[in-house]
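Start from the sequences, fold in the hints, and give me the full structure.
Protein chains in written order, with the numbering used here: chain A, 1 to 392; chain B, 1 to 460.
Hints are computed from structural coordinates only; laboratory data are not their basis.
By construction, the Cβ of each residue, glycine as well, lies at the ideal position given by its N, Cα and C atoms.
Incorrect hints may appear among the rest.
[As the list claims (entries may be wrong)] 27 Å max Cα-Cα, derived DSS-like pairs, lysine-lysine:
1. A:9 x A:156
2. A:140 x A:176
3. B:302 x A:10
4. B:272 x B:352
5. A:10 x B:428
6. A:6 x B:349
7. B:343 x B:304
8. A:297 x A:35
9. A:6 x B:272
10. B:179 x A:9
11. A:59 x A:108
12. B:349 x B:304
13. B:179 x A:6
14. B:272 x B:343
15. A:297 x A:140
16. B:72 x A:10
17. A:297 x A:270
18. A:9 x B:424
19. B:304 x B:352
20. A:9 x B:426
21. A:35 x A:291
22. A:270 x A:176
23. B:179 x B:352
24. B:348 x B:302
25. A:297 x A:259
26. B:426 x B:72
27. B:26 x B:179
28. B:272 x B:348
29. A:10 x B:348
30. A:291 x A:259
31. B:302 x A:6
32. B:428 x A:9
33. A:297 x A:156
34. A:35 x A:10
35. A:270 x A:140
[Unchecked claim] Interface residues of chain B toward chain A, partial, derived using beta-carbon atoms under 7 Å:
36. 6
37. 49
38. 53
39. 442
40. 449
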Amino acid sequence: MKNLWKELKKYPIVIFFLCFLVIYTIGDCFARAKKYDEYENRNLAQFPRLTWEGLVTNKWTQEYETYVQDQFLLRHEWITVKSFAESLLLRTENNSVIYGEDGYQFYKFSRLNTGTDGVTTQLAQNTEFLARFAARHPGKVNVMLVPSASNILADKLPAGAPILDENPLMDEFFAKVGKTAQVIDVRDAFRANAQDYLYYRTDHHWTTDGAYLAYLAAAEALEAGAFDPAAHTAIEVEGFTGTNYNKSLKHNTEEDVLKYYELDNTLTIKQLLPDGSELSADEGGLYDPEKLEIRDKYAMFLRGNNGYSTIEGSADNGRRILVIKDSYANCFVPFLTADYEQIDVVDLRFWKYNVETLMELFDYDEVLVLYNFQTFTTETTLFYLNAMVNEN
Amino acid sequence: MVFSTLLFLFRFLPAALLLYYIVPAKWKNFVLFIISLVFYSWGEVRYFPIMIFSTILDYTCGQAIERNRDKKAICNTALLVSVIVNLGMLFFFKYTDFFITNINALCGTAIPLLQLTLPLGISFYTFQTMSYTIDVYRGDTPAEKNIINFGAYVTMFPQLIAGPIVRYTDVAERLNILKGRITMDRIDEGISLFIFGLAKKVLIANSVGALWTEVNAMGLDTVSTPLAWLGILAFTFQIYFDFSGYSLMAIGLGKLLGFDFPDNFNHPYISKSITEFWRRWHMTLGTWFREYVYIPLGGNRKGKGRQIFNMAVVWFATGFWHGADWNFILWGLFYLVLLMIEKLWLLKKLDKLPVLAHIYTMLFVVIGWAIFEITDLSQLGCFLVKLFDFSGGVSAAYYLRNYAVIFLLAAVFSTPLPIRLYDKFKHKTWARWLCLTVLLALVIAYLSNATYNPFLYFRF
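Written out as structure tokens, the structure is:
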């Protein structure tokens, strides 16, 4: 034994690496498994239950590998090291996020998704769903498709960055949908004010200022625009780093400032049955201040993405609007409280029922369909707009 | 299981090494056999019986030859059985669908495809076990007496899946040393080699390979000529660092287990002729074809005509071995033509023009990789035209900027310069420690981030 030690001492590198391997492995095995990763916004794989069938079909071995990968000790720290190394190599992107000028990080959105029909694009399919929906409700439906940061701030992108040019596609979309609906194209307004803080640097959403600019652009179409920012207190929350940062983990990322206007309107998140009757109701404010304490601060608007919620507006005019939307609308909708008495908000990703039931129930004056271009081209739930409807 | 995963590094490897080191000397080959079977079965347990079958078959054939040296008929039969069964397995799993597809196309029949998944590493281990029986038959080596030792050779996990092609004679001596097989010098060297191999694969091959993947995803017909070149250059580096990295990891792991595997790559991209390139690229495969095909056919001893025929056989087989598709055959024949031209007159001229010779060599190697990589022949044709017609399309500007440093690193590490520098400093323990620690830390960082970690040589 003594000889072995004497021999080993001559090989410090062997001792170091073998010890590292064994000790790190033991540490990794005994570290507590995490349930959820805030950065990735997803549940992490847990230890898979070992069954004979799982073993002989190699299902278990695959699940176990995912589990080891997901739960690796100090995984987040290691990934941060990788991001730093990429920066040292002068890479202009990391994990599908492209680094632009002025601290802007853009999602590398390079091609359209194929639709659920497997033939056309999801964009073409969704355009069709929307046009059909609008045709059933003539004069009511307004459609706002919001350009992405990489479109409006294209001059901040590295030269030749492989990001899909969404402008011709948006033109085509507006032309098609414009036949049956009123379209709201905010691109000109955004380009004219591109020097303002319209988009978060580290998140894929627009800022509250961006949303307000769009609100002004939509004022005519929606017969709205009564919201007066000067009449409300604006609260600014610093230290926000959003989804693009969560992917890139860039070491010298400049943090964003999230702004919201203090409003005392009531928002009720409701679970409805297919016929529109109420299963449960959760009454509260427009915002969820607790979300300001976590990474995903944007989730404070409208208290996150909910299937169906209804807001009591401040206007005393009996007007009702239905907003069908993605998360871009969450910081936009508060402005509508000045113009409507009832604002209903439906997020089709979490609402799997017929929109027609709501249309009949509340006889809305206006419908606003509000999506960001990139989300709209990947969304697979727009068929709910026409589900369970006999169009003949 | 793949070496460049956290699962291998932080589960399999420490467990396997501990077990292998702790057990008494006479148990080591048995343990090696078992851990190798676990390694193999991890990804596809249903092909586990093939490994056992291969072991028993070739062991039996070897024994039959050894015990019946004077009975020629038995020796011949045993050899024939081994070669036919090994090649038969390879053909059945790898080439059946290729032949069915072509027969269907030719005769208008509709024979259904088998659509089998290729058993992991079958192209490598069938060649290894075949070499054993042939060597025993020729009397180059005595047959292995112990079936466990033989099983440990056939299944030995470092080289099982993607080479190098380790012949029985390469490891026979150490396989039978039980006490003192594992030496500190070997472990020391093994750690370095394994980390270097990992770094080649994870840090360079994966990074540069992402560019080729991206170029493919946007469609080869949409890219501009410069981007087409950049893309295929990225693939050129990817396949070298991927494959040579894997070989280096295998050699390093072999050392950790107390074995000395043959080298597989010797800086092929510094070659000044195609002939030299093939002496530096995948060397164990070249040796295999020379030893077991080219020389037995008569090599260059039976006249020019016969030599050309022999070369044609070797290069057709080399191409076809790399994949069951026409482009691989084309790729083999492409090299046959180049090698013949060099043999007949070009080689002597190249000697006088080293810079030009290097450019010429790399130009054809890169074009070769295009033929190798693009399976669809019409697409391949378009791509080769694109390389020379200076057409527009998606610009290379962004990619050049994004990948500039990676390309530079890949180019530098394709030369012997870094290893020479390392050799100068490696006697200083702290310098070596620092180098290895930084590389390993980076590898773990990239692996932690990895969703992109496909091995190129996995369809073999």
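Structure-based check of all given hints:
For the suggested pair residue 9 of chain A and residue 156 of chain A, the alpha carbons sit about 56 Å apart, so the restraint of at most 27 Å is broken. Between residue 140 of chain A and residue 176 of chain A the alpha-carbon distance is near 16 Å, which keeps this suggested pair within the 27 Å criterion. At most 27 Å may separate the alpha-carbon atoms for a hinted pair to count; residue 302 of chain B and residue 10 of chain A exceed this at roughly 56 Å. With a C-alpha separation of about 11 Å, the suggested pairing of residue 272 of chain B with residue 352 of chain B holds against the 27 Å cut-off.
As the CA atoms of residue 10 of chain A and residue 428 of chain B are separated by approximately 13 Å, the hinted pair is consistent with the 27 Å bound. Pair hint residue 6 of chain A plus residue 349 of chain B does not hold up; C-alpha atoms about 58 Å apart against a cutoff of 27 Å. Between residue 343 of chain B and residue 304 of chain B, the direct Cα distance comes to roughly 11 Å. Compliance with the 27 Å bound is thereby established for this hinted pair. Taken as a hint, the residue 297 of chain A and residue 35 of chain A pair is honoured in the structure, with Cα atoms around 20 Å apart against an allowance of 27 Å.
Proximity of residue 6 of chain A to residue 272 of chain B is assessed by CA-CA distance (about 48 Å); at most 27 Å being required, the pair is judged violated. Between the alpha carbons of residue 179 of chain B and residue 9 of chain A the distance comes to roughly 21 Å, so the proposed pair stays at or under 27 Å and holds. Of the supplied pair hints, the one linking residue 59 of chain A and residue 108 of chain A is violated, its CA atoms being roughly 33 Å apart against a limit of 27 Å. Taking the CA atoms of residue 349 of chain B and residue 304 of chain B, the gap is about 21 Å. The hint holds against a cut of 27 Å.
Taking the CA atoms of residue 179 of chain B and residue 6 of chain A, the gap is near 19 Å; set against the 27 Å cutoff, the hint holds. Between the alpha carbons of residue 272 of chain B and residue 343 of chain B the distance comes to roughly 14 Å, so the proposed pair stays at or under 27 Å and holds. With a CA separation close to 33 Å, the supplied pair residue 297 of chain A and residue 140 of chain A exceeds the 27 Å bound. With a CA separation close to 54 Å, the supplied pair residue 72 of chain B and residue 10 of chain A exceeds the 27 Å bound.
Of the supplied pair hints, the one linking residue 297 of chain A and residue 270 of chain A holds, its CA atoms being roughly 23 Å apart against a limit of 27 Å. Taking the CA atoms of residue 9 of chain A and residue 424 of chain B, the gap is near 23 Å; set against the 27 Å cutoff, the hint holds. Taking the CA atoms of residue 304 of chain B and residue 352 of chain B, the gap is about 26 Å. The hint holds against a cut of 27 Å. As the CA atoms of residue 9 of chain A and residue 426 of chain B are separated by approximately 17 Å, the hinted pair is consistent with the 27 Å bound.
Under the criterion of a C-alpha separation no larger than 27 Å, the hint pairing residue 35 of chain A with residue 291 of chain A is consistent with the structure, at around 19 Å. A distance of roughly 34 Å separates the Cα atoms of residue 270 of chain A and residue 176 of chain A; the hinted pair therefore is violated under the 27 Å criterion. Using a Cα cut-off of 27 Å, the hinted pair residue 179 of chain B and residue 352 of chain B is violated, with the two alpha carbons roughly 53 Å apart. Simply put, residue 348 of chain B and residue 302 of chain B have alpha-carbon atoms about 23 Å apart, close enough for the 27 Å limit, and the pair holds.
Taking the CA atoms of residue 297 of chain A and residue 259 of chain A, the gap is near 10 Å; set against the 27 Å cutoff, the hint holds. Proximity of residue 426 of chain B to residue 72 of chain B is assessed by CA-CA distance (about 54 Å); at most 27 Å being required, the pair is judged violated. Between residue 26 of chain B and residue 179 of chain B, the direct Cα distance comes to roughly 8 Å. Compliance with the 27 Å bound is thereby established for this hinted pair. Using a Cα cut-off of 27 Å, the hinted pair residue 272 of chain B and residue 348 of chain B holds, with the two alpha carbons roughly 12 Å apart.
Of the pairs offered as hints, the one joining residue 10 of chain A and residue 348 of chain B is violated, with about 50 Å between alpha carbons and a cut-off of 27 Å exceeded. Of the pairs offered as hints, the one joining residue 291 of chain A and residue 259 of chain A holds, with about 13 Å between alpha carbons and a cut-off of 27 Å not exceeded. Distance restraint check for residue 302 of chain B and residue 6 of chain A: the Cα-Cα separation of roughly 59 Å exceeds the 27 Å cut-off, and the hinted pair is therefore not satisfied. The suggested pairing of residue 428 of chain B with residue 9 of chain A holds, with an alpha-carbon distance near 15 Å, which does not exceed 27 Å.
Restraint check: the Cα-Cα separation between residue 297 of chain A and residue 156 of chain A comes to about 25 Å, which is no more than 27 Å; the hinted pair holds. A threshold of 27 Å between alpha carbons decides the hint, and for residue 35 of chain A with residue 10 of chain A the separation of about 44 Å lies outside it, so the pair is violated. Restraint check for residue 270 of chain A and residue 140 of chain A: satisfied, since their Cα atoms lie roughly 24 Å apart, inside the 27 Å limit. At about 5 Å, the closest approach between the beta carbon of residue 6 of chain B and any beta carbon in chain A falls short of 7 Å, and the interface hint on this residue holds.
Hint on residue 49 of chain B is violated. Least Cβ distance to chain A is approximately 12 Å, over the 7 Å limit. Because the smallest distance between the Cβ of residue 53 of chain B and any Cβ of chain A comes to about 18 Å, over 7 Å, the interface hint for this residue is violated. A hinted interface residue such as residue 442 of chain B counts as satisfied when its beta carbon comes closer than 7 Å to some beta carbon of chain A; here the least separation is about 6 Å, so the hint holds. Proximity of residue 449 of chain B to chain A holds as hinted, the smallest CB-CB distance being about 4 Å (cut-off 7 Å).
Checked against the numbered hints listed earlier, the structure breaks hints 1, 3, 6, 9, 11, 15, 16, 22, 23, 26, 29, 31, 34, 37 and 38; every other hint is satisfied.
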